[in-house]
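Chemist: Quick note, the sequences are listed as chains A and B, same order.
Going by the working numbering, the first residue of the first sequence is number 5, and it counts up by one from there.
Going by the working numbering, the first residue of the second sequence is number 5, and it counts up by one from there.
Hints should not be assumed to be uniformly reliable.
List time: in silico DSBU-like cross-link candidates among lysine-lysine, alpha-carbon distance up to 35 angstroms [what the hints assert, rightly or not]:
#, chain 1, residue 1, chain 2, residue 2
1, A, Lys143, B, Lys132
2, A, Lys89, B, Lys89
3, A, Lys232, B, Lys132
4, B, Lys212, A, Lys143
5, A, Lys69, B, Lys475
6, A, Lys331, B, Lys69
7, B, Lys472, A, Lys260
8, B, Lys472, A, Lys155
9, B, Lys260, B, Lys155
Derived from the structure by calculation, the hints contain no laboratory data.
Number of protein chains: 2
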Amino acid sequence: MAKQEEKKFVEHITPRSEDFSQWYTDVILQSELVDYAPVRGCMVIRPYGYAIWERIQQEMDRRFKETGHQNVYMPMLIPESLLLKEAEHVEGFAPEVAWVTQGGNEKLQERLAIRPTSETIFCAMYSKWVGSWRDLPMKYNQWCSVLRWEKSTRPFLRTSEFLWQEGHTIHETPEEAQEETMRMLEVYREVAQDEMALPVLCGRKSDKEKFAGAQATYSMEAMMQDGKALQAGTSHNFGTNFAVAFNIQFLSKAGKLEYVHETSWGASTRLIGAIIMTHGDERGLRLPPRIAPIQVVIVPVAAHKGGVMEACDAVAARLKDAGFRVKLDDRDTLSPGYKFNDWELKGVPVRLEIGPRDLENGVATVFRRDTCEKAPMPLDTLPQTLGGLLEEIQQNLLVQAREFRDAHITDAHSMDELASIVETGFARAMWCGDRACEDAVKERTNASSRNMPFDQTPIGDRCVCCGKPAKNLIYFAKAY
Amino acid sequence: MAKQEEKKFVEHITPRSEDFSQWYTDVILQSELVDYAPVRGCMVIRPYGYAIWERIQQEMDRRFKETGHQNVYMPMLIPESLLLKEAEHVEGFAPEVAWVTQGGNEKLQERLAIRPTSETIFCAMYSKWVGSWRDLPMKYNQWCSVLRWEKSTRPFLRTSEFLWQEGHTIHETPEEAQEETMRMLEVYREVAQDEMALPVLCGRKSDKEKFAGAQATYSMEAMMQDGKALQAGTSHNFGTNFAVAFNIQFLSKAGKLEYVHETSWGASTRLIGAIIMTHGDERGLRLPPRIAPIQVVIVPVAAHKGGVMEACDAVAARLKDAGFRVKLDDRDTLSPGYKFNDWELKGVPVRLEIGPRDLENGVATVFRRDTCEKAPMPLDTLPQTLGGLLEEIQQNLLVQAREFRDAHITDAHSMDELASIVETGFARAMWCGDRACEDAVKERTNASSRNMPFDQTPIGDRCVCCGKPAKNLIYFAKAY
């Protein structure tokens, strides 16, 4: 029976080359990261998926605190009148808000929005809390869920409800706000690269693509294996837009009433989607060791033979003591082969197979998920060897992803070139800065502008679309 | 100016004896734990309050994982039809549900409840996930916010939205479910006693007071300084109630389809209210060191004098290295006296005052918040001394709370006695087991039954209310 299940198992994953979208769905459901919920457009995050989110949270939260931020919790309900205060903001979010109109048996006098994001409520509180320059900066963050009534949804990538963190800060000067905006973009970039092995492209969004109510939005963009872009984190400088709308003023050192300068920044469970679509292969997930809930799985071979389970227990205990996240798969109704497939699907970076012959030789057979290579390694020195191996896997995943990305970024000097390039990757192009050209690109190719990199070394002097003098270097891509 | 502020400061806290309720409000607002939100009945949890919650989360989450539980995330929206599936459950919760009726510009065909609790959605998923006995137990937990449309609200104690964790588990046998129910009650008791210094009374709820849909509810009850009870955590055994309603069946070892046995258990930000009302005094909060966000605050005295700030910096660094949660209060516009009041209000367990005279003597002046005593302690050995002192404070708070509680529990042998006792504490009484008597007690005294302790040694043989033969020993108290 195990054999049969095993077969079914592997057949279930659609090859990436055949249908990337179906491959994604197969992998997330079969690896038990997520499931569909009984309410439209929502997802259930299962233990294995949530454990990845907890790892991401830990890495981010630690850096938020190191950079002087504090966590808070704001209510999930926002009165309609509050949401309407900043004009651009409401225009951007109102169409996708879920409204509470009834509380208990009482029909509400004013509708309440379930937060699509919390700028308005942070602003309402900041206006109450700030007195003088001595109170600044205030640098707060919250971990919560938000809700946006999306028409078409995919788990992790776009769901009506998702989990995220949203940082909201207020500052004395425009310079400090800009510095904060850049600092948090850099924190995101670092977590993406160092923990999730995601090479990202950082830059400024066009006015069309910026956050509703922001003066400037910066993003990090990751490339998926189908060449599409995934916006993996954003950091916004609001200037005084919200401060004016919400009257957030402080008494400056000079004794004058001034508006605060504000930022916000957010990253979400989308990042899990980015990890899957960047690193996954035909066998399923490949998780970077630093965010893998299980770094090492131990599979006993011929577990009924004398000494095998004892040896596996001992190795598991030693590795746990050494600080690894270890799982011993002692399920007695499944074959080793079934277990191999199962943990490969789940993307565990290293598998140790331990059977009678391994024990005779004083080794474990070590399988690394990134290359799918196997080699014997002495049991004595396993803790040291594994530390190095996990680090090697982490780096290898980053290198592979970076090579893939770089091989799929191409300069576009004409609309024909651009249209062809965005079928399989990112187009780098010059742009005049006009929204009309962004719209024309979108219309013809279905690609949107991603961001304008900080290194603006030009690759030409004419707009890829209209041929007029170019102002910016910019990335175009189809996007999730 | 600092002097003036200082005066205003202290005057602001209403004495407990004069108006306990106003004292509570003064303390939570002035210590900046919480603020009122611009939406009715909701609270904003400020950084200092949220940091306490994070400490509680860490202590609980660690124990949940050690006892084999995994975290997940379920959607916040529950379709009305799903909420209606278990009859008692819906009767209990429907009157306090907030309903989403509009998503974006679309009027919904079916109303969606914002979760008041998530039994129904966990059950819907469990019915999909469980196949055979091999899949059991499933022991899941989630950290989230829930919403209950409350008529009268107080921050932490009763708000429309609050933060909590809810564990939901399914098991093969009734014995395992009962064991789990008791295990998690014990986890709550341990966290309350060992981390928060809250002595609690554990026992079973009456049928009237049990959770809507449960077979049996167990609670831990804490006593506040006004003698009122606060239910600080509950653990429920559902038997097969929900399993039948949601058709959660599994193939047993014997090859038969059977219903799972289910539990759920929850604790919330109410615990912060319990800490405040158990330990606080006229100066403000007194936080148990193990859950205090700041364990040691350092206040420089005559900070402008040579060597003082350098010494404070050095002590702060040493204490941080030794693993303490330390804050150096280097605000240069406030007097030491103002700072003393501020950190006493905020309940920091230990304050170090370091000035020129202290440095001459090679000591810090150490103030402990629990007793408000001051003593010099050598700087050399501070890390060791403070470890012991913090532990002593932790124990002292528990002893004080336990003595207060025990002095305010009195046996009641008549309704007159009971009515008098619950004015200032808990009444312990015999009860016939009839709901009519619970109702009569409530009607006359406004006290409700709290729980029936596990030690049922009788204190009489007649019901305190009707005089018929008694079945149970039970606590009555007014409650938050």
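Chemist: With reference to the structure, classify each hint as holding or not holding.
Modeler: Okay, the hints, checked on the actual structure:
For the hint pairing Lys143 (chain A) with Lys132 (chain B), the CA-to-CA distance comes to about 43 angstroms; that exceeds 35 angstroms, so the pair is violated. Annotation: proposed proximity of Lys89 (chain A) to Lys89 (chain B) is violated, straight-line Cα distance about 40 angstroms (limit 35 angstroms). Using a Cα cut-off of 35 angstroms, the hinted pair Lys232 (chain A) and Lys132 (chain B) holds, with the two alpha carbons roughly 33 angstroms apart. Taking the CA atoms of Lys212 (chain B) and Lys143 (chain A), the gap is about 46 angstroms. The hint is violated against a cut of 35 angstroms.
Restraint check: the Cα-Cα separation between Lys69 (chain A) and Lys475 (chain B) comes to about 55 angstroms, which exceeds 35 angstroms; the hinted pair is violated. Only pairs whose Cα atoms come within 35 angstroms are accepted, and Lys331 (chain A) paired with Lys69 (chain B) is accepted, the gap being roughly 14 angstroms. Between Lys472 (chain B) and Lys260 (chain A), the direct Cα distance comes to roughly 76 angstroms. Violation of the 35 angstroms bound is thereby established for this hinted pair. A hinted pair counts as satisfied when its Cα atoms are at most 35 angstroms apart, and Lys472 (chain B) with Lys155 (chain A) does not qualify at roughly 63 angstroms.
For the proposed pair Lys260 (chain B) and Lys155 (chain B), the alpha carbon gap of about 47 angstroms is over 35 angstroms, so the pair is violated.
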